[in-house]
Each structure stands twice: as C-alpha cells, then as structure tokens.
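Same order as they appear, the protein sequences are chains A and B. As numbered in my numbering, residues 827 to 978 make up the first sequence, in order. As numbered in my numbering, residues 827 to 978 make up the second sequence, in order.
Derived from the structure by calculation, the hints contain no laboratory data. Keep in mind it's a predicted model, so treat the numbers as computed, not measured. Possibly wrong hints are sitting among the right ones.
A pair holds if it fits inside one copy or across any two, identical chains being indistinguishable in the list.
[To be verified] Under the rule of at most 25 Å between Cα atoms (straight-line distance), these lysine-lysine pairs were calculated in the PhoX-like manner:
hint	residue 1	residue 2
1	Lys953	Lys898
2	Lys930	Lys902
3	Lys840	Lys930
4	Lys956	Lys840
5	Lys839	Lys956
6	Lys930	Lys839
7	Lys839	Lys902
8	Lys902	Lys953
9	Lys956	Lys902
10	Lys840	Lys953
11	Lys898	Lys840
12	Lys953	Lys839
13	Lys930	Lys953
14	Lys839	Lys898
Read off the chains here:
There are 2 protein chains.
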Amino acid sequence: MSALQFPEAPADKKALEEGDALSPRFDAAGLVTAVVTDAGDGMLLMVAHMNAEALALTLETGIAHYWSRSRKALWKKGETSGNLQHVVEMRTDCDQDAIWLRVKVLGHDATCHTGRRSCFYRTVGLKDGKATLAGDGTRPLFDAEETYREPA
Amino acid sequence: MSALQFPEAPADKKALEEGDALSPRFDAAGLVTAVVTDAGDGMLLMVAHMNAEALALTLETGIAHYWSRSRKALWKKGETSGNLQHVVEMRTDCDQDAIWLRVKVLGHDATCHTGRRSCFYRTVGLKDGKATLAGDGTRPLFDAEETYREPA
Chain A
827 MSALQFPEAP ADKKALEEGD ALSPRFDAAG LVTAVVTDAG DGMLLMVAHM NAEALALTLE
887 TGIAHYWSRS RKALWKKGET SGNLQHVVEM RTDCDQDAIW LRVKVLGHDA TCHTGRRSCF
947 YRTVGLKDGK ATLAGDGTRP LFDAEETYRE PA
Chain B
827 MSALQFPEAP ADKKALEEGD ALSPRFDAAG LVTAVVTDAG DGMLLMVAHM NAEALALTLE
887 TGIAHYWSRS RKALWKKGET SGNLQHVVEM RTDCDQDAIW LRVKVLGHDA TCHTGRRSCF
947 YRTVGLKDGK ATLAGDGTRP LFDAEETYRE PA
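Full structure from sequences and hints, please.
Structure below.
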C-alpha cells in the first residue's frame with residue numbers, strides 16, 4: 827500500500843491545465859488511461875489503466891503498475907514474464923485524465939501478452955468496404971503459452 | 827453518416843487477437859480509446875475516444891474524427907482551429923479496445939486546445955512526498971482564446 831495521496835482535481839480549468847500539482851481526474855471507476863511507449867524509439871507498446879494505488883506505486887518505485895480491469899486487481903506488469911517496465915519519464919495531459927509512461931522494458935523486451943514487443947501489431951485498412959487488419963510481421967519474443975501456464 | 831459497419835467482437839480470443847477483421851470492443855458507453863502520435867517523430871499528441879461513427883468516418887475520409895465526451899457530439903478534430911489530423915496509419919491492439927492513429931497535423935501543427943503541439947506538456951515527479959508537475963517548455967503555437975471564442 828502506498829502512502830502517496832493525490833489532491834482532488836481543481837474545478838478551475840486554469841489550475842488543472844497550468845498548475846504544478848498532479849491531481850488526476852479518475853473516472854467513475856476510479857481509473858485514468860495510461861499510454862506506454864518505448865523510451866528508446868517511441869514505439870507505442872500498450873494502453874492500460876491505473877487507479878490511484880497503481881499510479882502511486884509507479885511513482886514511488888519507478889516500475890510500472892496498473893489496474894487490471896479483467897482481473898480486478900493491482901497489476902505489476904511483467905511480474906510473471908519478467909518483462910518489467912522501468913519508467914524513464916512520466917507525463918500527464920492538459921486535463922489530467924491520462925498518463926504517459928516512457929519506459930525501458932526489461933526481460934524479453936516484450937510487452938504484449940501474445941509475446942510480441944507491442945500490443946499494436948496490426949494495421950487497419952479498408953478493403954471492399956470492410957475494415958480489415960494486417961499483421962506488421964512482428965513475432966512473439968517469448969513463449970506466452972508456457973509463461974502464463976497455470977500451475978497444475 | 828457513414829455506411830461502414832463493424833462486426834461484433836468475437837468471443838474467441840484467438841480470432842480477436844490474430845484475426846484479420848476489425849471488430850472493435852466498444853465499452854459500455856460505446857467508445858474505444860484512441861492514442862494519437864505524430865507520424866514524423868512519434869510524439870504523443872493526445873488521447874481521445876471514438877464511437878463507431880467516428881471510427882468509420884476516420885477510416886473513410888483519412889481525417890481523424892472522435893467522440894467528444896464533454897460535448898456529447900461527433901468531433902472532427904481541428905474543424906475550428908484548422909489543425910486537422912491527416913491519418914498516415916491506423917493500428918489496433920491485441921484485444922481491439924484501443925486504436926492508434928499516426929497522424930500529420932495540418933494548420934499550426936498544434937493538437938492541444940491550449941494551443942500547444944501536444945497535450946502532454948507536463949512531466950510528473952515526486953517532491954517532498956508529493957506528485958508535482960513541471961512544464962516541458964513548449965509554448966502555444968496559436969492563440970487558443972481567440973480561436974475558440976464564441977461568436978458574440
């Protein structure tokens with residue numbers, strides 16, 4: 827449990843947008859969006875969510891923590907796979923409802939649970955009036971099935 | 827109104843993650859998260875949301891459209907300021923609940939409503955046990971107050 831607390835977001839727009847206090851605008855579920863890019867080449871690696879605890883732990887430890895909406899649990903990214911995210915820089919946006927993490931990924935340098943470096947491995951196009959996907963050719967960097975296997 | 831429709835997201839995880847159909851997983855409010863970066867240098871410009879209509883129009887026109895949660899309206903980004911976003915590439919992530927747009931910004935090359943190039947103009951740090959913000963030195967590229975003034 828982190829002791830770090832965040833002040834309530836100010837109603838005053840100027841204070842929110844130009845002030846020097848981080849006062850995240852958590853949504854109804856208590857979450858802000860987190861965008862994660864590689865600090866080296868800027869590749870978009872993943873989009874996730876943080877509650878106050880995940881955000882506080884990320885700030886205090888320098889290792890990215892999220893809130894898993896599917897598991898409804900705090901999520902230290904890479905705890906199972908070894909692909910921890912070391913935070914090089916954290917930013918927030920004008921209205922403080924999104925967090926940007928520039929990270930260095932440890933382990934296999936892979937972020938996606940499919941084993942790929944990035945979750946964004948498919949491009950979107952239009953073909954015969956339908957929105958289609960095409961892989962960008964990236965391949966898994968670790969054996970996801972083996973790594974995430976439940977203990978027997 | 828766009829005629830482009832998206833199929834329902836498949837329950838099968840493999841089809842969702844490895845298939846070639848864009849079947850966005852819209853949330854309870856009918857939205858997916860959109861992450862917008864500069865196609866030139868990869869700078870994170872903004873995070874926004876898209877409903878099916880905004881996504882379809884973006885695909886069909888090549889100009890970024892979003893759903894404004896505050897105004898509850900379709901939002902052709904840059905319509906007032908001239909800072910339209912020309913989409914160079916669109917991607918989606920493994921579970922198809924996020925869209926990545928790599929864009930070229932027209933007009934003033936500014937995306938933030940404060941007039942700055944990016945909405946992410948403040949870094950987050952820890953100081954005396956408090957989460958603080960520091961500006962990155964970027965300045966407005968256009969007069970936001972003048973541009974967004976309501977007609978008298």
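Here is what the structure says about each hint:
1. Lys953 - Lys898: Neither, since 38 Å and 30 Å both go past 25 Å.
2. Lys930 - Lys902: Answer is within; shortest intra-copy Cα gap is 15 Å, inter-copy 34 Å.
3. Lys840 - Lys930: neither (33 Å within a copy, 28 Å between copies)
4. Lys956 - Lys840: For Lys956 and Lys840, the Cα distance is within 25 Å only across copies (20 Å; inside one copy 43 Å).
5. Lys839 - Lys956: For Lys839 and Lys956, the Cα distance is within 25 Å only across copies (21 Å; inside one copy 41 Å).
6. Lys930 - Lys839: Neither: 33 Å inside a copy, 28 Å across copies.
7. Lys839 - Lys902: between (33 Å within a copy, 23 Å between copies)
8. Lys902 - Lys953: Intra 39 Å, inter 23 Å, cutoff 25 Å: inter-copy only.
9. Lys956 - Lys902: Classified as between; 22 Å across copies, 38 Å inside a copy.
10. Lys840 - Lys953: between (45 Å within a copy, 22 Å between copies)
11. Lys898 - Lys840: Between. Shortest inter-copy distance 22 Å satisfies the 25 Å Cα cut-off; intra-copy 34 Å does not.
12. Lys953 - Lys839: between (43 Å within a copy, 23 Å between copies)
13. Lys930 - Lys953: between (36 Å within a copy, 23 Å between copies)
14. Lys839 - Lys898: between (32 Å within a copy, 19 Å between copies)
Violation of the numbered hints given earlier is confined to hints 1, 3, 6; the remaining hints are satisfied by the structure.
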